[in-house]
Amino acid sequence: MIILGIDPGTARMGYGVIKKDGAKILFLDAGILRVSKSDGRHIFLQIKIGLEKIIKKWKPEIMAIEKVYFSKNQKTAMSVAEARGVAILTGLEDGLAIREYSPNEIKAGLTGYGHADKRGVAKMVNLALGTPKLKIMDDASDALAIAIFAAGALRVDAWPFAHKRKSMDIRRTSAGSHGNISA
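For what it's worth, our numbering labels the leading residue of the sequence shown as 3, then goes sequentially.
Be a bit skeptical, because a hint or two may be false.
In silico DSS-like pairs for lysine-lysine, Cα to Cα no more than 30 Å straight-line [claimed, not checked]:
no., residue 1, residue 2
1, Lys-135, Lys-39
2, Lys-22, Lys-69
3, Lys-59, Lys-21
4, Lys-50, Lys-39
5, Lys-21, Lys-58
6, Lys-137, Lys-120
7, Lys-21, Lys-69
Worth flagging that the hints you see were computed from the coordinates, not collected in a lab.
Predicted, not measured: the structure shown is a model, and the values here were computed from it.
With the hints as extra help, turn the sequences into a complete structure.
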């Protein structure tokens, strides 16, 4: 089973791809989707296109994504939440099951301490993957941590209709303001 971990952001979105093979967790890929305001395309379109390329290349079955936590800067939190929404929608459009975890839940699951620092998380990511010399940016390391946590937490909490995406029928109601989704 291939899992795509996402650490949401607007200027940089971390991603990590792993394969769960029985009890083994194998490293496949990790990196940063960089978004440029000077690109001419809207940043959310850049995020969508970048994620679609990763999904096409690795064909994951699950997207694990970090929940947004409230920060002191509401503007930043709002833009990260919007980017996160683009990532989730992209995953759903490609039929991925979506798993969402809080930062503290991920840290506690990987390190045993819900307030671990980035260095501690990166160390546990390298241990879990058997890649002690893997040097990647924090956002990519965090994305791998999310994917690894999801691999260990495989439980029935994915959005139940994600795998039925292609058979979904979306219609407008008679009022025209809300959509009905039938699986």
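Next on the checklist: Going through the numbered hints above, which ones does this structure break? Give me the numbers in ascending order.
Outcome noted: Violated: hint 1 alone.
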